[in-house]
Amino acid sequence: MNRKIRTAAVIGSGVMGGGIAALVASAGIKTLLLDIVPFDLTDEQKKNPKERNKIVTAGLDNILKSRPPLIMHKKDADLISIGNLEDDFEKLASCDWIVEVVVENLKIKRDLFAKIEKVRKKGAIVSSNTSGIPLKSMSEGLSDEFKQHFLGIHFFNPVRYMKLLEIIPGKETLPEVMKFMSDFGEKILGKGIVTAKDTPNFIGNRIGVQCMIKAMQLMVEEGLMIHEVDALLGPAVGRPATAIFKTSDLIGLDTVGHVSKNTYELVVDDEVRDSFLLPEFINKMIEKKLLGNKAKAGFYKSEKTPDNKKISKVINYNTLEYEDYPKPDFTCLAEVKKAKTLPDKLKAIVYADDKGAKYVWKAIAHGLVYAANRIPEISDTIIDIDNSMKWGYNYEMGPFETWDAIGVQKSVEKMEADGFKIPANVKEMLAAGISSFYKTEKGKIYYYDFASKGYIEYVVSSNIISLAQLKGNNKTVKDSKVASLIDLGDGVFCCEFHTKMNALNNDVTDFIHAALEYVDENGAGLVLGNQAGVFSAGADIVPVSMGAKEKKYSEIEYILKNIQNAVQKQRYAPFPVVAAPYGLTLGGGCEVCLGADRMVVHSELYMGLVEIGVGLIPSGGGCLNLWKKFVSSIPEAVTGVDLAKYFFPAFMAIVTAKVSTSAADARAIGFLGPKDRIVFNRDYLIGEAKKEVLKMIDEGYTPPVKRKLKIFGEAAQGMVDVEILNMQKGNYLSEHDAFLAKRIGYVMSGGEAATNSEIDEEVILKLEREAFIDFLKEEKTIARIDHMLKTGKPLRN
Amino acid sequence: MRNAYIVTAVRTPGGKSARGNFKDTRPEDLLSFIVNAAVEKTPNIEKKDIEDLAIGCAFPEAEQGINIGRIGAQMAGFPDYVSGFTINRLCSSGLEAIAGATLRVRAGWSEIVIAGGVESMTMVPMAGNLPRPHPEYTKINAALWGAMGTTAETVAIRYNISRHAQDEFAYNSQMKASEALKKKLYKELVPTPATKYVLQGDGSYKKETVIIDYDDGIRPETTIEGLAKLRPVFAAGGSVTAGNSSQTTDAAGAAVIMSEDKVKELGIKPIAKVKCYTTVGCRADEMGVGPKYAIPKLMKLAGIDLKEVGLFEINEAFASQAIYCINELGIDMAKVNIHGGAIALGHPLGATGAKLCATLLSNMKEKGVKYGVESMCIGGGMGAAALFELCE
Numbered sequence: 000m001n002r003k004i005r006t007a008a009v010i011g012s013g014v015m016g017g018g019i020a021a022l023v024a025s026a027g028i029k030t031l032l033l034d035i036v037p038f039d040l041t042d043e044q045k046k047n048p049k050e051r052n053k054i055v056t057a058g059l060d061n062i063l064k065s066r067p068p069l070i071m072h073k074k075d076a077d078l079i080s081i082g083n084l085e086d087d088f089e090k091l092a093s094c095d096w097i098v099e100v101v102v103e104n105l106k107i108k109r110d111l112f113a114k115i116e117k118v119r120k121k122g123a124i125v126s127s128n129t130s131g132i133p134l135k136s137m138s139e140g141l142s143d144e145f146k147q148h149f150l151g152i153h154f155f156n157p158v159r160y161m162k163l164l165e166i167i168p169g170k171e172t173l174p175e176v177m178k179f180m181s182d183f184g185e186k187i188l189g190k191g192i193v194t195a196k197d198t199p200n201f202i203g204n205r206i207g208v209q210c211m212i213k214a215m216q217l218m219v220e221e222g223l224m225i226h227e228v229d230a231l232l233g234p235a236v237g238r239p240a241t242a243i244f245k246t247s248d249l250i251g252l253d254t255v256g257h258v259s260k261n262t263y264e265l266v267v268d269d270e271v272r273d274s275f276l277l278p279e280f281i282n283k284m285i286e287k288k289l290l291g292n293k294a295k296a297g298f299y300k301s302e303k304t305p306d307n308k309k310i311s312k313v314i315n316y317n318t319l320e321y322e323d324y325p326k327p328d329f330t331c332l333a334e335v336k337k338a339k340t341l342p343d344k345l346k347a348i349v350y351a352d353d354k355g356a357k358y359v360w361k362a363i364a365h366g367l368v369y370a371a372n373r374i375p376e377i378s379d380t381i382i383d384i385d386n387s388m389k390w391g392y393n394y395e396m397g398p399f400e401t402w403d404a405i406g407v408q409k410s411v412e413k414m415e416a417d418g419f420k421i422p423a424n425v426k427e428m429l430a431a432g433i434s435s436f437y438k439t440e441k442g443k444i445y446y447y448d449f450a451s452k453g454y455i456e457y458v459v460s461s462n463i464i465s466l467a468q469l470k471g472n473n474k475t476v477k478d479s480k481v482a483s484l485i486d487l488g489d490g491v492f493c494c495e496f497h498t499k500m501n502a503l504n505n506d507v508t509d510f511i512h513a514a515l516e517y518v519d520e521n522g523a524g525l526v527l528g529n530q531a532g533v534f535s536a537g538a539d540i541v542p543v544s545m546g547a548k549e550k551k552y553s554e555i556e557y558i559l560k561n562i563q564n565a566v567q568k569q570r571y572a573p574f575p576v577v578a579a580p581y582g583l584t585l586g587g588g589c590e591v592c593l594g595a596d597r598m599v600v601h602s603e604l605y606m607g608l609v610e611i612g613v614g615l616i617p618s619g620g621g622c623l624n625l626w627k628k629f630v631s632s633i634p635e636a637v638t639g640v641d642l643a644k645y646f647f648p649a650f651m652a653i654v655t656a657k658v659s660t661s662a663a664d665a666r667a668i669g670f671l672g673p674k675d676r677i678v679f680n681r682d683y684l685i686g687e688a689k690k691e692v693l694k695m696i697d698e699g700y701t702p703p704v705k706r707k708l709k710i711f712g713e714a715a716q717g718m719v720d721v722e723i724l725n726m727q728k729g730n731y732l733s734e735h736d737a738f739l740a741k742r743i744g745y746v747m748s749g750g751e752a753a754t755n756s757e758i759d760e761e762v763i764l765k766l767e768r769e770a771f772i773d774f775l776k777e778e779k780t781i782a783r784i785d786h787m788l789k790t791g792k793p794l795r796n
Numbered sequence: 000m001r002n003a004y005i006v007t008a009v010r011t012p013g014g015k016s017a018r019g020n021f022k023d024t025r026p027e028d029l030l031s032f033i034v035n036a037a038v039e040k041t042p043n044i045e046k047k048d049i050e051d052l053a054i055g056c057a058f059p060e061a062e063q064g065i066n067i068g069r070i071g072a073q074m075a076g077f078p079d080y081v082s083g084f085t086i087n088r089l090c091s092s093g094l095e096a097i098a099g100a101t102l103r104v105r106a107g108w109s110e111i112v113i114a115g116g117v118e119s120m121t122m123v124p125m126a127g128n129l130p131r132p133h134p135e136y137t138k139i140n141a142a143l144w145g146a147m148g149t150t151a152e153t154v155a156i157r158y159n160i161s162r163h164a165q166d167e168f169a170y171n172s173q174m175k176a177s178e179a180l181k182k183k184l185y186k187e188l189v190p191t192p193a194t195k196y197v198l199q200g201d202g203s204y205k206k207e208t209v210i211i212d213y214d215d216g217i218r219p220e221t222t223i224e225g226l227a228k229l230r231p232v233f234a235a236g237g238s239v240t241a242g243n244s245s246q247t248t249d250a251a252g253a254a255v256i257m258s259e260d261k262v263k264e265l266g267i268k269p270i271a272k273v274k275c276y277t278t279v280g281c282r283a284d285e286m287g288v289g290p291k292y293a294i295p296k297l298m299k300l301a302g303i304d305l306k307e308v309g310l311f312e313i314n315e316a317f318a319s320q321a322i323y324c325i326n327e328l329g330i331d332m333a334k335v336n337i338h339g340g341a342i343a344l345g346h347p348l349g350a351t352g353a354k355l356c357a358t359l360l361s362n363m364k365e366k367g368v369k370y371g372v373e374s375m376c377i378g379g380g381m382g383a384a385a386l387f388e389l390c391e
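Protein chains in written order, with numbering that gives the first Met the number 0: chain Y, 0 to 796; chain U, 0 to 391.
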C-alpha cells in the first residue's frame with residue numbers, strides 16, 4: 000500500500016494539540032483542528048457557530064501568538080482549518096491521520112475513539128498523544144482493523160522545538176503502520192524517533208521525571224538550596240541551563256505535581272516507587288498557587304528593585320519566603336570550568352568530595368541505576384533511553400553515555416561503597432569483562448545489548464551522515480585547528496568549521512581556499528556544513544577590534560579581501576558547492592551560504608546579516624550576494640523592472656539586522672531562493688546536501704558565467720535618504736544607525752552609478768571593504784564592538 | 000473682472016483605500032461619473048455646453064496618468080471639443096482647479112468650466128508608484144519627500160499637541176460625521192456606482208456594479224478609550240495613530256463654474272462665488288502648519304475679518320496639525336468641520352479640495368452662512384485657503 004498523509008486531524012487544541020497542529024501544518028500538510036463545544040453556552044449562543052467554535056478558535060489563536068513561535072511561517076496557518084467535535088466530526092472521514100490530544104481521562108478517550116471508529120476511513124491511522132494511559136485500555140472493545148491502525152505517538156513540549164517523538168505500538172498495530180509513522184515522523188516532521196513500550200510515561204518522562212524528583216528529594220536530604228541544585232545539575236553535567244527547578248517553573252508546578260502523582264500510582268512495581276513523591280514543601284507551594292512562570296512566582300520569582308532593576312529571588316523551602324541568592328560557590332564547579340569536554344567535566348564533579356559534588360554524585364548515580372533497571376521493562380535498548388533523554392530533555396548525554404564518561408567500573412565500585420544496589424544486568428556486563436556501554440570501531444558505533452549480552456551496531460537511517468563517525472573512520476582528508484575537510488564518498492567532500500560557535504576568522508578563510516583547491520583537484524563537489532550547536536555565529540570580531548585599535552587597516556582589508564575571494568571562488572568553482580546551514584547562521588556564516596551555488600537548510604534556520612549591530616557592514620560579499628539573490632530571480636525578458644521593489648527589502652534586511660525565525664521565514668525574507676531546499680530533519684542535512692551536489696553533477700553542472708550585475712544605482716540613495724529620515728524621526732534609528740544605513744544603501748546600490756545600470760561584481764565588493772574600513776574609524780562602531788565583546792549584546796548608540 | 004459663480008458642487012462618497020467601497024473602482028470611473036452628475040444637477044445645461052475640465056490629482060500617473068482630466072471628459076461622454084487637463088498641488092489640487100477655473104471664467108476666456116478632483120489612493124499609492132527623490136538634494140532636504148505622518152509627529156512635538164487632545168479631536172470628528180450620516184446631512188453627496196469583483200462558486204470573479212451612498216470611513220462606535228489604545232504608527236513613543244490621522248481614501252468631486260452672463264441667460268440660481276484664493280509655503284518638515292499661514296494671508300487679501308467667517312472646512316490631515324492651526328488662529332471649534340472631517344470621512348488627496356468645497360457650500364446654504372473658508376496643509380510644506388461667499 001502506498002500510504003500518504005494528505006490531511007491530518009488533531010483533536011484537542013491545548014498546548015500540545017496546538018503545537019502538533021502547528022508542526023504538521025508547517026510541514027505543509029492540511030490539518031483539521033477540533034475541540035469541544037463549550038459546556039456553558041446559553042441557548043442563544045448554542046445556535047451561533049462562532050460561540051460553538053470558541054475553544055478551538057482560542058486554541059488556534061494561541062498557536063499564532065506563541066513565542067517562540069510554534070508555527071514556522073504565519074502563512075502556514077492557512078493550512079489549519081478549525082471546527083468542533085459536534086458539528087465537524089464527519090470531516091474526520093477524509094483524514095489520513097487522526098491525532099488525539101484530549102484531556103487525560105480514560106473514559107473520555109474511549110468514548111472519543113468509539114466515535115472515531117464510526118467515521119474514520121478504512122486504513123486511516125489513529126494515534127494518541129497520551130503519556131499516562133495505557134494504549135490497550137484505550138482501544139479496548141474496538142475493531143481489529145482500528146487496533147491495527149492505532150498507536151501512541153508522543154510529542155514533547157514545545158512540539159516544534161523538541162526533537163523527541165516516542166512511537167508506541169499497540170499489540171495489534173501493523174508493522175507497516177509503525178514503519179510508516181516512524182518514517183513520516185523522522186522525514187516529514189524532522190523528529191528523532193524512539194520506539195517505546197506501552198508502559199507508564201514511556202521512556203523520556205519515566206526517566207526524566209524520576210531524575211527530577213529524586214534530585215528534589217536529595218536536595219532536602221543533603222541540605223542544599225534550590226539555586227545551588229540548579230547550578231550543579233545544569234550545563235556542568237551537560238544538561239540545560241534551566242536544570243531542575245527553573246525547568247519546573249517553566250513546566251508549571253501543578254503539572255509536575257500531576258505527573259508525579261500519576262506516575263506514582265501507575266508504577267506499583269518500581270523498586271524505587273517513592274522517588275516519584277514530591278518533597279512536602281512543593282505540595283505546599285502548589286496549594287499556595289506558587290506554580291511557576293505562569294503564576295509569576297514558583298521556585299524563582301523576579302522582582303523589581305526600587306531603582307527599577309529586575310532581580311531574581313529564590314524560595315527558601317524551609318520558610319517559603321523568597322530570598323536573594325548569591326552565585327553558588329562550590330570548588331567542584333571551579334574544577335568543571337577548567338575541564339574542556341563533558342566527560343572531563345563529569346569526572347571532575349562526580350568524584351570530587353565537596354558538598355556540591357557529593358550531591359551531584361548521588362543524583363546522577365540514582366539516575367543511572369534507575370535507567371539500567373528499566374531495561375527491558377520500558378525499552379530493550381540503552382540507545383532508546385539515551386536518545387530519549389537527549390532529544391526530549393536536551394541532555395547532552397543520556398544516562399548510559401554518562402556512565403561511560405565517568406567510567407562504568409570505577410563508578411560501580413563507588414556506588415557499591417556508598418550502598419547502592421547495582422542492577423544485575425550491569426553487574427553481569429562487568430563480570431563478563433565488558434566495561435563500556437558503547438564502543439566505536441572504524442567509525443561505526445556499537446552499543447551493549449543486555450539481552451544478547453554483546454555489542455550491536457547502532458544503525459541509523461541511511462539518510463543520516465555523521466561527520467564525527469566519518470572522522471573517526473579516517474575520512475578526514477585535510478585538517479586544521481579551525482576546520483576539516485571530510486570525504487562524504489562519491490567524490491563529495493564536506494568542509495566543516497569547528498571553531499568556538501563556528502565563528503569565522505582568517506584561518507577558516509584560508510582553509511576554505513585550500514578545501515576548494517583540494518576538491519578541484521580530487522573531487523566532484525563540496526558541501527559546506529557542520530554538526531554542532533550552531534552553523535556559524537559569524538565572523539570573529541576580536542581580531543577586527545584589535546586591528547581597528549591599532550589602525551592596521553590594510554591588514555583588515557587583506558582579511559576582507561581573502562574572505563571575499565573565497566566566497567567568489569566557491570561561487571565560480573567548476574564544481575557545485577552546496578551550503579547546509581541550520582540554527583544560528585549569522586553575519587559571515589550567512590555570507591558564506593549566500594555565496595554557495597545552492598543551500599539545503601534545516602527548517603530551524605535563524606539566518607541574518609547582523610553586522611550593523613556591531614556598527615559594521617557585511618563585507619564577505621553579503622551585500623553583493625543578497626542583492627544578487629534578489630535580482631537574479633528576474634527573467635531576462637523582463638525589462639524596465641522597478642528595482643526599488645527589490646532593493647528595499649534586501650536593504651532593510653541588512654539595516655534592521657533581520658534574523659529569520661525559521662527556514663520558511665528565511666525564504667520569505669529573501670535569504671533563500673527557489674532552488675534552495677528545506678529539510679525538516681537536521682540529521683539528514685549533510686546527506687541531503689550531498690544528494691543535492693550529486694544531483695547537480697548528474698544534471699550536468701557548469702559553473703555560472705560571471706556577468707555584470709544589474710544594480711539600482713544612484714536613485715536608490717535618494718530613496719534611502721528619505722526612508723532613513725522617516726525612520727530616524729520616528730526614533731527607530733540612532734544617528735549612527737542612520738549613518739551606517741546610508742552607506743550600506745550606497746554599497747548595495749552600486750555606489751556612484753547610473754540608475755538601473757550594470758556593474759562588475761568586484762565593484763560592490765570593493766565598496767563593501769571601503770565602507771567596512773571607514774566604519775572602523777568611527778568611535779561609535781568601536782563602542783559597539785567592545786560592548787558586544789563584553790556583554791554579547793548589541794549596543795544602540 | 001466679471002463675476003463667476005459656482006452653480007453646482009457635488010462629491011462621491013469616500014471609500015477607504017484598499018479595503019473600502021471603491022477599492023476596485025477605477026479613478027476614471029469615479030471622475031467621469033461625478034462630472035456627469037454635476038452636469039445633470041445643473042438646470043438647463045448639457046455636456047456640450049462645457050468648455051473644459053480642470054481636474055486636480057495628487058499622483059497623476061498609472062491609472063490616473065496621461066491626463067485624467069481629458070480621459071475623464073471622454074469617458075463621461077463629453078463631445079470631442081470639450082478639453083480637459085490635470086493639475087497638481089498635492090492635497091489642494093481640487094481647490095486649485097476650482098480657483099483656476101474661476102479665474103478663467105472671470106477673465107472672460109470661458110463661460111462654463113467644470114473643476115474638480117479625483118484620487119484613487121488604492122490604485123496609485125501616496126508618493127506614486129516610482130518615487131525617486133533626488134539623490135543629491137535629499138542630502139540637503141530629504142523632508143521634501145518625507146512621510147506625512149512624520150511631519151504630524153513633528154508638529155505634535157514642536158507645538159505640544161498631546162496625544163489626548165489628538166484623540167479627543169479625532170473622536171469629535173467621528174461623532175460629528177456619525178450624526179451627519181444618521182441625519183442624512185450630506186446633501187452634496189451623489190450615490191455613486193462602485194465596481195466589485197464578486198467571487199463566484201467556481202473560484203472565478205465576476206465584475207458587478209453596486210451603488211454606494213455613504214462614506215465608509217465613519218465609525219460611530221469610536222470611543223476615546225479605544226483611540227487611546229492604538230499604537231503610534233510613525234514614531235516609537237509617538238502620538239500619531241491610525242485613529243487620529245486622516246484615512247486614505249478613494250473619491251472624486253466636481254463643481255460647475257459659470258460666468259455671470261451665462262447664469263443670467265440660463266436663469267440659474269448660483270450657490271456661491273470664490274471670493275479669494277491663496278497659497279503659502281512653510282517648512283517641509285512641519286507641512287501641517289500650512290493653514291496657519293494661508294488663512295490669515297487669505298483674510299488680508301480679501302479684506303475680511305476672520306470673525307465674519309461662519310463656517311470652516313479645515314482638512315484634518317492629522318489631528319495634531321488641525322488642532323494646532325485652529326488654536327493658533329483662535330477659530331471657534333464649533334464652526335469647523337461641522338459634519339466631521341478627514342479623520343472620519345477620508346482625505347482623497349487630489350480630490351479633497353473639490354470634496355471639501357462641495358461640503359462647505361452645502362453647509363453654508365443649509366445654515367445661511369455668508370462667508371466660508373476652506374483650507375488645507377500640503378506636502379512639501381505649504382498651505383492653501385479659499386474664501387467662498389454665499390449668493391443671496
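Just so you know, the hints here were simulated from the structure itself, not pulled from any lab data.
Among the hints, erroneous ones may be present.
To be verified - Quick list of simulated restraints, FRET-style, between CB atoms:
(1) A294(Y) / M332(U): 45 to 55 Å
(2) I65(U) / A782(Y): 50 to 60 Å
(3) T194(Y) / S203(U): 46 to 56 Å
Unchecked claim - Straight-line Cα separation of at most 27 Å, BS3-like style, residue types lysine-lysine; simulated pairs:
(4) K263(U) / K644(Y)
(5) K138(U) / K765(Y)
(6) K49(Y) / K228(U)
(7) K15(U) / K74(Y)
(8) K15(U) / K709(Y)
(9) K64(Y) / K293(Y)
(10) K303(Y) / K228(U)
(11) K47(U) / K644(Y)
(12) K73(Y) / K334(U)
(13) K441(Y) / K480(Y)
(14) K776(Y) / K182(U)
(15) K627(Y) / K765(Y)
(16) K339(Y) / K295(Y)
(17) K326(Y) / K303(Y)
(18) K47(U) / K228(U)
(19) K326(Y) / K293(Y)
(20) K46(Y) / K117(Y)
Quick reminder that beta carbons are idealized off the backbone N, C-alpha and C, glycines included.
Now for the hints, and whether the structure bears them out:
In this structure the hint that A294(Y) and M332(U) lie 45 to 55 Å apart at CB holds, the actual value being about 50 Å. Restraint check, I65(U) to A782(Y): a C-beta distance of roughly 54 Å satisfies the suggested window 50 to 60 Å. Take T194(Y) and S203(U): their Cβ atoms lie about 50 Å apart, and the range 46 to 56 Å holds. Distance hint between K263(U) and K644(Y) is unfulfilled; the C-alpha atoms sit about 56 Å from each other, more than 27 Å.
The hinted pair formed by K138(U) and K765(Y) meets the criterion: a straight-line CA distance of about 23 Å does not exceed 27 Å. With a CA separation close to 26 Å, the supplied pair K49(Y) and K228(U) stays within the 27 Å bound. Using a Cα cut-off of 27 Å, the hinted pair K15(U) and K74(Y) holds, with the two alpha carbons roughly 25 Å apart. Taking the CA atoms of K15(U) and K709(Y), the gap is near 38 Å; set against the 27 Å cutoff, the hint is violated.
Of the pairs offered as hints, the one joining K64(Y) and K293(Y) holds, with about 16 Å between alpha carbons and a cut-off of 27 Å not exceeded. Simply put, K303(Y) and K228(U) have alpha-carbon atoms about 26 Å apart, close enough for the 27 Å limit, and the pair holds. For the proposed pair K47(U) and K644(Y), the alpha carbon gap of about 45 Å is over 27 Å, so the pair is violated. Straight-line distance between C-alpha atoms of K73(Y) and K334(U) comes to about 48 Å, which puts the hinted pair past the 27 Å bound.
Of the supplied pair hints, the one linking K441(Y) and K480(Y) holds, its CA atoms being roughly 23 Å apart against a limit of 27 Å. Between the alpha carbons of K776(Y) and K182(U) the distance comes to roughly 67 Å, so the proposed pair goes past 27 Å and is violated. Between the alpha carbons of K627(Y) and K765(Y) the distance comes to roughly 16 Å, so the proposed pair stays at or under 27 Å and holds. Simply put, K339(Y) and K295(Y) have alpha-carbon atoms about 36 Å apart, too far for the 27 Å limit, and the pair is violated.
Proximity of K326(Y) to K303(Y) is assessed by CA-CA distance (about 19 Å); at most 27 Å being required, the pair is judged to hold. For the suggested pair K47(U) and K228(U), the alpha carbons sit about 54 Å apart, so the restraint of at most 27 Å is broken. Using a Cα cut-off of 27 Å, the hinted pair K326(Y) and K293(Y) holds, with the two alpha carbons roughly 25 Å apart. Taking the CA atoms of K46(Y) and K117(Y), the gap is about 26 Å. The hint holds against a cut of 27 Å.
In this structure, the earlier hints numbered 4, 8, 11, 12, 14, 16, 18 are contradicted, and the remaining ones agree with it.
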